[in-house]
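Asker: These protein sequence lines are chains A and B, in that order. When we follow this note's numbering, the leftmost residue of the first sequence carries the number 1, and every step to the right adds one. When we follow this note's numbering, the leftmost residue of the second sequence carries the number 1, and every step to the right adds one.
None of these hints come from the bench; they were simulated from the model. You may find that some hints are simply not true.
One copy or two, it doesn't matter: identical chains are merged, so the pair holds either way.
[Said to hold, decoys possible] Derived pair list, reagent style EDC-like, types lysine to aspartate or glutamate, alpha-carbon separation capped at 20 Å:
1. Lys164 x Glu37
2. Lys163 x Glu37
3. Lys163 x Glu206
4. Lys203 x Glu37
5. Lys191 x Glu37
6. Lys191 x Asp162
7. Lys163 x Asp189
8. Lys164 x Asp190
9. Lys164 x Glu200
10. Lys163 x Asp121
11. Lys191 x Glu135
This structure is a prediction, so every number in the text was calculated from the model and none was measured.
There are 2 protein chains.
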Amino acid sequence: MRGGWWRALLAALLGVAAEALAGWLLRRRREGSAVREALFFPSRATCVEALLAEEGLAPPRPCACPLPHQESPLSRLLARLLSARSSLDLCVFAFSSPQLRRAVVLLHQRRVRVRVVTDADYMALKGSQIGILREVVLLFIGIQVRHDQETGYMHNKFVIIDKKVLITGSLNWTTQAIQNNRENVVITDDKVFVNIFLAEFEKIWEDYNPTNYTFFTN
Amino acid sequence: MRGGWWRALLAALLGVAAEALAGWLLRRRREGSAVREALFFPSRATCVEALLAEEGLAPPRPCACPLPHQESPLSRLLARLLSARSSLDLCVFAFSSPQLRRAVVLLHQRRVRVRVVTDADYMALKGSQIGILREVVLLFIGIQVRHDQETGYMHNKFVIIDKKVLITGSLNWTTQAIQNNRENVVITDDKVFVNIFLAEFEKIWEDYNPTNYTFFTN
Numbered sequence: 001m002r003g004g005w006w007r008a009l010l011a012a013l014l015g016v017a018a019e020a021l022a023g024w025l026l027r028r029r030r031e032g033s034a035v036r037e038a039l040f041f042p043s044r045a046t047c048v049e050a051l052l053a054e055e056g057l058a059p060p061r062p063c064a065c066p067l068p069h070q071e072s073p074l075s076r077l078l079a080r081l082l083s084a085r086s087s088l089d090l091c092v093f094a095f096s097s098p099q100l101r102r103a104v105v106l107l108h109q110r111r112v113r114v115r116v117v118t119d120a121d122y123m124a125l126k127g128s129q130i131g132i133l134r135e136v137v138l139l140f141i142g143i144q145v146r147h148d149q150e151t152g153y154m155h156n157k158f159v160i161i162d163k164k165v166l167i168t169g170s171l172n173w174t175t176q177a178i179q180n181n182r183e184n185v186v187i188t189d190d191k192v193f194v195n196i197f198l199a200e201f202e203k204i205w206e207d208y209n210p211t212n213y214t215f216f217t218n
Numbered sequence: 001m002r003g004g005w006w007r008a009l010l011a012a013l014l015g016v017a018a019e020a021l022a023g024w025l026l027r028r029r030r031e032g033s034a035v036r037e038a039l040f041f042p043s044r045a046t047c048v049e050a051l052l053a054e055e056g057l058a059p060p061r062p063c064a065c066p067l068p069h070q071e072s073p074l075s076r077l078l079a080r081l082l083s084a085r086s087s088l089d090l091c092v093f094a095f096s097s098p099q100l101r102r103a104v105v106l107l108h109q110r111r112v113r114v115r116v117v118t119d120a121d122y123m124a125l126k127g128s129q130i131g132i133l134r135e136v137v138l139l140f141i142g143i144q145v146r147h148d149q150e151t152g153y154m155h156n157k158f159v160i161i162d163k164k165v166l167i168t169g170s171l172n173w174t175t176q177a178i179q180n181n182r183e184n185v186v187i188t189d190d191k192v193f194v195n196i197f198l199a200e201f202e203k204i205w206e207d208y209n210p211t212n213y214t215f216f217t218n
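Produce the entire structure from the sequences given, and follow the hints as far as they go.
Answerer: See the structure below:
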């Protein structure tokens, strides 16, 4: 009888240990896969040509560009954006960076569903890349762009990749911001944040539906 | 003997169940205490006088202000800031909101250690609250403000409360941004993000140390 209890105790301890081990492994896996990154700017100018090369057109020999070929906050941001496989939902006040425009165009050409929301006032300024985005046509479909029609600014700067990863912060998509300003960007796959921002994107997307524009009525 | 094995199996199952229950309770507690909130603007104008009343000076009778007395993104942001007990590390491009300035002054008066980093160009504009902050003296110490001396902008908009909670996003601390713009703010106590931003704050704080200013040399 006493031997039975010892065995029971041993089995219980083994059970607890197994459960603890499983929990630890699960947590490790979860933490390992979680995306939590912050990028701070200004970013030193680095060559991003390899990242932005179209498939099949990447230069086979070393790049001739004089910029350093190393990682930078911009290259990390570009790599993250270019990881999109199904959708890119972008909400950005100012968009004049040619590199970021090339990334968005590449995604559109790869048949990622790109939606862009921007500010009407900034969109009209020289250097804005929004017009180029709209002209990029794939299977008769250009990149969809919507803009505000409000007195305030559409001042958000966030993007959601594949409805799974959120990038948000202070950074406008301009060369000035990337190379000269103190800026921050947070990247996370925390479902709570991703889902709240997805809902906000859909809300703004519908608020800015062109059928609601009143430019032409009076 | 067979009874012994049954008992062992039962004990093992109980052990597993107890461990699973403990894990579940722990996770629930962790999730319950975790701060993960997003605020979207524009914020409808609401009365925030009750939040901003100095201790002992809160009006005993209902507030006479005509604005609705309800929660808003601004009131939630103010409440979060006013929860600071030991430190407030603020890094903001544009600061012209009187309500947010009153919150920061209140914290200083409550002997919370307030440090402010801002942009030199915006600081000089009419409506900036930075000058008022510097004049608020408690025990001969005004609120400490440092600013950039760079060609780019100090365009960050983040704040760290008690070195434990990070608030970051697109929102400048201006009435225009709060009431008219589409903006977002993320609030989190995720240690990974809090610690990265704390390090960035300390770096900027030192970069902008007045001993490094070169205005007066030539």
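Asker: Hint by hint, note whether the structure agrees.
Answerer: Against the structure, the hints come out as follows:
{"no.": "1", "hint": "Lys164 x Glu37", "result": "both (14 Å within a copy, 17 Å between copies)"}
{"no.": "2", "hint": "Lys163 x Glu37", "result": "both (17 Å within a copy, 18 Å between copies)"}
{"no.": "3", "hint": "Lys163 x Glu206", "result": "within (17 Å within a copy, 38 Å between copies)"}
{"no.": "4", "hint": "Lys203 x Glu37", "result": "between (26 Å within a copy, 18 Å between copies)"}
{"no.": "5", "hint": "Lys191 x Glu37", "result": "both (15 Å within a copy, 12 Å between copies)"}
{"no.": "6", "hint": "Lys191 x Asp162", "result": "within (12 Å within a copy, 26 Å between copies)"}
{"no.": "7", "hint": "Lys163 x Asp189", "result": "within (9 Å within a copy, 23 Å between copies)"}
{"no.": "8", "hint": "Lys164 x Asp190", "result": "both (8 Å within a copy, 18 Å between copies)"}
{"no.": "9", "hint": "Lys164 x Glu200", "result": "within (14 Å within a copy, 26 Å between copies)"}
{"no.": "10", "hint": "Lys163 x Asp121", "result": "neither (28 Å within a copy, 38 Å between copies)"}
{"no.": "11", "hint": "Lys191 x Glu135", "result": "neither (34 Å within a copy, 43 Å between copies)"}
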